[in-house]
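Asks: Top line first, the protein sequences correspond to chains A and B. First residue of the first sequence? That's 1 in the working numbering, and the numbers climb one at a time after it. First residue of the second sequence? That's 1 in the working numbering, and the numbers climb one at a time after it.
Keep in mind that a hint or two might mislead.
Put simply, identical chains are the same to the list, so a pair is met inside one copy or across any two.
[Unchecked claim] Derived DMTMM-like pairs (lysine to aspartate or glutamate); straight-line CA-CA distance at most 25 Å:
hint, residue 1, residue 2
1, K13, E92
2, K199, E216
3, K102, E126
4, K213, E101
5, K199, D215
6, K136, E211
7, K213, E194
8, K136, D200
9, K199, E61
10, K102, D205
11, K213, D168
12, K102, E256
13, K235, E9
14, K12, D205
15, K13, D86
16, K199, E101
17, K199, D86
18, K12, E126
19, K235, D215
20, K102, D143
21, K12, E194
Hints listed in this document are in silico derivations from the structure and should not be mistaken for laboratory results. Just so it is clear, the structure is predicted and the values come from calculations on it, not from any experiment.
Each chain, written out:
There are 2 protein chains.
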Amino acid sequence: MTSVITPAEFRKKIASGEFNAPTAGYCDGFVQANMLVLPGEYAGHFEEFARANAAPVPVLETVRGGYRTSVLADGANLLNELPSYDIFENGERVARVADMEKYYTEDMVFFLIGCSFSFEARMVQEGIPLRHMARKINVAMYDTSLPLTPVDIFHGNMVVSMRPIRRDLVAKACVVTSHFPRTHGMPVQVGYPEMIGIKDIARPDYGDPVEIKADEIPVFWACGVTPQNVLRNIKIPFAITHSPGYMFVSDRRDSEYYE
Amino acid sequence: MTSVITPAEFRKKIASGEFNAPTAGYCDGFVQANMLVLPGEYAGHFEEFARANAAPVPVLETVRGGYRTSVLADGANLLNELPSYDIFENGERVARVADMEKYYTEDMVFFLIGCSFSFEARMVQEGIPLRHMARKINVAMYDTSLPLTPVDIFHGNMVVSMRPIRRDLVAKACVVTSHFPRTHGMPVQVGYPEMIGIKDIARPDYGDPVEIKADEIPVFWACGVTPQNVLRNIKIPFAITHSPGYMFVSDRRDSEYYE
Chain A
1 MTSVITPAEF RKKIASGEFN APTAGYCDGF VQANMLVLPG EYAGHFEEFA
51 RANAAPVPVL ETVRGGYRTS VLADGANLLN ELPSYDIFEN GERVARVADM
101 EKYYTEDMVF FLIGCSFSFE ARMVQEGIPL RHMARKINVA MYDTSLPLTP
151 VDIFHGNMVV SMRPIRRDLV AKACVVTSHF PRTHGMPVQV GYPEMIGIKD
201 IARPDYGDPV EIKADEIPVF WACGVTPQNV LRNIKIPFAI THSPGYMFVS
251 DRRDSEYYE
Chain B
1 MTSVITPAEF RKKIASGEFN APTAGYCDGF VQANMLVLPG EYAGHFEEFA
51 RANAAPVPVL ETVRGGYRTS VLADGANLLN ELPSYDIFEN GERVARVADM
101 EKYYTEDMVF FLIGCSFSFE ARMVQEGIPL RHMARKINVA MYDTSLPLTP
151 VDIFHGNMVV SMRPIRRDLV AKACVVTSHF PRTHGMPVQV GYPEMIGIKD
201 IARPDYGDPV EIKADEIPVF WACGVTPQNV LRNIKIPFAI THSPGYMFVS
251 DRRDSEYYE
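Chain A extracted, bound-state conformation:
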């Protein structure tokens, strides 16, 4: 890998099996997206559910009647241009595969969903240090008591990511991230985990724990793990997602999602 590789070249290496690892740190400055694939019968209600819960479930592109993107990249093949896929049956992961070609059926609908990677780069640029990035660990994520707006079978509570923010930078962190409304936007809570049902900040439900120093407070953002979590909880018969961390790397720049 060189630092000048384009997202299209990177996706080619993924499709050929040459690259098979988490995508964080590759193609910096380009939007990476979560993916959910649903059988057609669930897609309409999920779309409505996403619209009603746009902060945790920001759909950037929907692909139906095929498997090629047109918004996030020109004709990327969603069946093999992600490095790893998780196959779910009745809410349980039954396989992890390098391509999903043999699972594809024409009625499937692909949802590409925004991810906070997009605003993290901007936060760091604006002088807001992010410990999980500096330490190269996963962001800490928590189940909350914040209810999602239910639509048909889709329901549940929001998952949030937490970043310790220096006390003098809290307002700036809120404002910078608010400019990315399509990749989770501004925080859902500042400083008070107990108000959103988080009992032990030292034990995240997903990702890695991270130290909160004396001059910092925990700040919480809606998290793209939310829809995956909903899918697992409602146990629909069949669904496919990217494997956590193995994202779809798009041709769109983060800055295009800055509003």
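Since the structure of chain A is provided, determine the placement of chain B on it from the hints.
Replies: Chain B alone, transformed into the frame defined by chain A:
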């Protein structure tokens, strides 16, 4: 006064002496501005000082070589269309007058400076309650240890206003106010008065004390009292300001300053 009076009609009543009271609550939705009038010899450095400290000193219009506005209103007379003026000599207020005609000299420069009234209306619209407005008291203001960027003789520390914000609305308060960069913008501090040199939150240096409830935290914004305070501290021989609360009511809508 009727509720449909225009700012131009309101200013006429002021000029004729028919209205002579604080302007808060009149011509809702229109920008109200602080005013500073300086002898020409100080104006250049003050202008530079304001640019270097745009959060506490956001100049919306500068008028020189005359006393009529062109940006905030079409030809308003700054000598008598504010309800009350304070005359300063060597940093001391020596008179409070209803018009400043007899003090006017052609070399004077008028600075009209943004005020947080503009974002407060929007905060309330967005569902963020503001106790000082509900109780019809003045906002609480404090001297801080936050140094201003000095230019020539102009120097000092920032004055801030404080509003208690419900813990679940803190991020929103930061974001809403950030959209008004020309009327102080986002908070300078969230939740930790001691970090900006405020020792006793219950005793504001200006304005009225306000209760902070258990589910709220104090949030601090740069305040338009800053330049007046600087003027008093550096004791220049002569200056004029509006009397606190007796603002210039402009023809510009608050929404024109939402970016």
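Asks: Hint compliance check: list the failing hint numbers for this structure, sorted ascending.
Replies: 1, 3, 4, 9, 10, 12, 13, 14, 16, 17, 18, 19, 20, 21
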